[in-house]
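**Q** Okay, here's what each chain looks like letter by letter:
2 protein chains.
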Amino acid sequence: MKFDPTLYLITDDGYLEGRNWLEAVENAIKGGVTVVQYRSKGRGKTAREMYEELKALRELTRRYGVPLIVNDRVDLALAVDADGVHLGQDDLPVEVARKVLGEDKIIGLSTHSLEEVEKANDLPVDYVAFGSVFRTPTKEKPVVVGVELLREAKKRSKKPLVAIGGIMPYNAPEVIKAGADGVAVISAILGFSDTYKAAESMKRAIERTRRELKLLGLLP
Amino acid sequence: MKFDPTLYLITDDGYLEGRNWLEAVENAIKGGVTVVQYRSKGRGKTAREMYEELKALRELTRRYGVPLIVNDRVDLALAVDADGVHLGQDDLPVEVARKVLGEDKIIGLSTHSLEEVEKANDLPVDYVAFGSVFRTPTKEKPVVVGVELLREAKKRSKKPLVAIGGIMPYNAPEVIKAGADGVAVISAILGFSDTYKAAESMKRAIERTRRELKLLGLLP
Numbered sequence: 001m002k003f004d005p006t007l008y009l010i011t012d013d014g015y016l017e018g019r020n021w022l023e024a025v026e027n028a029i030k031g032g033v034t035v036v037q038y039r040s041k042g043r044g045k046t047a048r049e050m051y052e053e054l055k056a057l058r059e060l061t062r063r064y065g066v067p068l069i070v071n072d073r074v075d076l077a078l079a080v081d082a083d084g085v086h087l088g089q090d091d092l093p094v095e096v097a098r099k100v101l102g103e104d105k106i107i108g109l110s111t112h113s114l115e116e117v118e119k120a121n122d123l124p125v126d127y128v129a130f131g132s133v134f135r136t137p138t139k140e141k142p143v144v145v146g147v148e149l150l151r152e153a154k155k156r157s158k159k160p161l162v163a164i165g166g167i168m169p170y171n172a173p174e175v176i177k178a179g180a181d182g183v184a185v186i187s188a189i190l191g192f193s194d195t196y197k198a199a200e201s202m203k204r205a206i207e208r209t210r211r212e213l214k215l216l217g218l219l220p
Numbered sequence: 001m002k003f004d005p006t007l008y009l010i011t012d013d014g015y016l017e018g019r020n021w022l023e024a025v026e027n028a029i030k031g032g033v034t035v036v037q038y039r040s041k042g043r044g045k046t047a048r049e050m051y052e053e054l055k056a057l058r059e060l061t062r063r064y065g066v067p068l069i070v071n072d073r074v075d076l077a078l079a080v081d082a083d084g085v086h087l088g089q090d091d092l093p094v095e096v097a098r099k100v101l102g103e104d105k106i107i108g109l110s111t112h113s114l115e116e117v118e119k120a121n122d123l124p125v126d127y128v129a130f131g132s133v134f135r136t137p138t139k140e141k142p143v144v145v146g147v148e149l150l151r152e153a154k155k156r157s158k159k160p161l162v163a164i165g166g167i168m169p170y171n172a173p174e175v176i177k178a179g180a181d182g183v184a185v186i187s188a189i190l191g192f193s194d195t196y197k198a199a200e201s202m203k204r205a206i207e208r209t210r211r212e213l214k215l216l217g218l219l220p
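Note that the protein sequences, when read in sequence, are chains Y and S.
So for the first sequence, the working numbering puts the first residue at 1; every next one is plus one.
So for the second sequence, the working numbering puts the first residue at 1; every next one is plus one.
Source of the hints: derived by calculation from the structure; they are not laboratory data.
What you are looking at is a predicted structure, and each value in this text was computed from that prediction instead of being measured.
Misleading hints may appear alongside valid ones.
As the list claims (entries may be wrong) - Here are the simulated DSSO-like cross-link-like pairs (lysine-lysine), alpha carbons at most 30 Å apart as the crow flies:
| no. | chain 1 | residue 1 | chain 2 | residue 2 |
| --- | --- | --- | --- | --- |
| 1 | Y | Lys197 | Y | Lys30 |
| 2 | S | Lys41 | Y | Lys99 |
| 3 | S | Lys119 | Y | Lys45 |
| 4 | Y | Lys141 | S | Lys41 |
| 5 | Y | Lys203 | Y | Lys177 |
| 6 | Y | Lys45 | S | Lys99 |
| 7 | S | Lys2 | S | Lys155 |
| 8 | S | Lys197 | Y | Lys141 |
| 9 | Y | Lys41 | S | Lys155 |
| 10 | S | Lys99 | S | Lys119 |
| 11 | Y | Lys30 | Y | Lys45 |
| 12 | S | Lys99 | S | Lys30 |
| 13 | S | Lys119 | Y | Lys55 |
| 14 | Y | Lys203 | Y | Lys154 |
| 15 | Y | Lys45 | S | Lys45 |
Stated by the list, open to error - Not close to chain S: a few residues of chain Y, all C-beta gaps over 10 Å, as computed:
| no. | residue |
| --- | --- |
| 16 | Leu16 |
| 17 | Trp21 |
| 18 | Arg48 |
| 19 | Tyr64 |
| 20 | Leu114 |
The beta-carbon is built from N, C-alpha and C at its ideal position, and this holds for glycine as well.
The whole structure should be built from the sequences, with the hints applied where relevant.
**A** Structural data, given as structure tokens:
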């Protein structure tokens, strides 16, 4: 599965309750989402519930040719044959996850400092997420790293770098100009009832910026 | 790894906080525990913390030749090369877990009714747990099945059956007489500061009952 991190959607439970969540995700994919990460945090869902949700998401993402990444739970990723996992610094060590998952799965790692980004260069991870770039409603106490640190992180990283945290269409250009290979969002898409339009706005903001950078010779 | 369910210890977090938990488990093994299940429920431990605890437990159980079973988390079981997993009715479906784990790992399944016991006969599980046989302090609202239903469950089960729930040295004999192949305990061992003695009392109660049953020709 081709991994294009351009517009990386994280399916936080809080934004999906009380609506047809699968349809919300499908519309976001139609609007331009290139990767979907399933994340169910602290909502007390059973493994069986998460497995059932993931099965539906697996079918959907396969239909659209979009990679499916599972947050934290390596077993659920294996159970539904997801394309990979995303791990935080408090999850299973990536070396261990790599051993369990094998070479073909995507492994992403959350990083919040230059030190963690540089450490990830030597780890068996396929991409890093770096943030929170801005303040965000989905984390109570985010480490806000800012755009300048993001720029530095991109310079030091040997891995594709996905920016995360408070990214919206109006500030996505800064993030792309700072070198991010993609942006990961929750509220910028799932915070809206029309997830198709929300995804499309993000995608356009990113693509417009990339075109500018190309014209300036700053992107290949 | 030989799986002898005689005295099956579940390491519930609540009973292990504020003490040298690894030593408590080691003493319980010395006292006669034949299987250890790692269970960390709703205490908000990170996967990394559970992984680190499990690594220590893996080393310990290997040293004593005692199988290590991981509750729920198939990924953690794979991560530390545990001998198997124990799944509840709300966890990953056992068929899925079997596919992920392969043929060599032990899979146990919690059951609470004759229907679930009979269903398990056709599932790829190596043993079933049946209970709660008695009232127990470790579950808020246990389904108390009682000794008579346990006897019936054993008759209908094609799998080794471990009785669970409120079993102590004084009522273990009833449970063994009802046909249980072993007893699973938390508080009967971890509720005591001297886990060696606590395990030894349970083991003795079980063995004494088995000798009686053999003398009566009721056990091979």
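**Q** With reference to the structure, classify each hint as holding or not holding.
**A** Verification of the hints:
1. Lys197(Y) to Lys30(Y): 9 Å, holds
2. Lys41(S) to Lys99(Y): 25 Å, holds
3. Lys119(S) to Lys45(Y): 24 Å, holds
4. Lys141(Y) to Lys41(S): Roughly 25 Å between the alpha carbons, so the hint for Lys141(Y) and Lys41(S) holds.
5. Lys203(Y) to Lys177(Y): Between Lys203(Y) and Lys177(Y) the Cα gap is close to 15 Å, so the pair holds against 30 Å.
6. Lys45(Y) to Lys99(S): 22 Å, holds
7. Lys2(S) to Lys155(S): 24 Å, holds
8. Lys197(S) to Lys141(Y): 46 Å, violated
9. Lys41(Y) to Lys155(S): 41 Å, violated
10. Lys99(S) to Lys119(S): Measuring from Cα to Cα gives roughly 18 Å; hence the hint holds.
11. Lys30(Y) to Lys45(Y): 28 Å, holds
12. Lys99(S) to Lys30(S): Roughly 34 Å between the alpha carbons, so the hint for Lys99(S) and Lys30(S) is violated.
13. Lys119(S) to Lys55(Y): 23 Å, holds
14. Lys203(Y) to Lys154(Y): 20 Å, holds
15. Lys45(Y) to Lys45(S): With a Cα-Cα distance of about 15 Å, the restraint between Lys45(Y) and Lys45(S) holds, given a limit of 30 Å.
16. Leu16: 20 Å, holds
17. Trp21: 20 Å, holds
18. Arg48: Non-interface label fails for Arg48(Y): nearest chain S Cβ at 5 Å, not farther than 10 Å.
19. Tyr64: Non-interface label on Tyr64(Y) holds, nearest chain S Cβ at 24 Å vs cutoff 10 Å.
20. Leu114: 21 Å, holds
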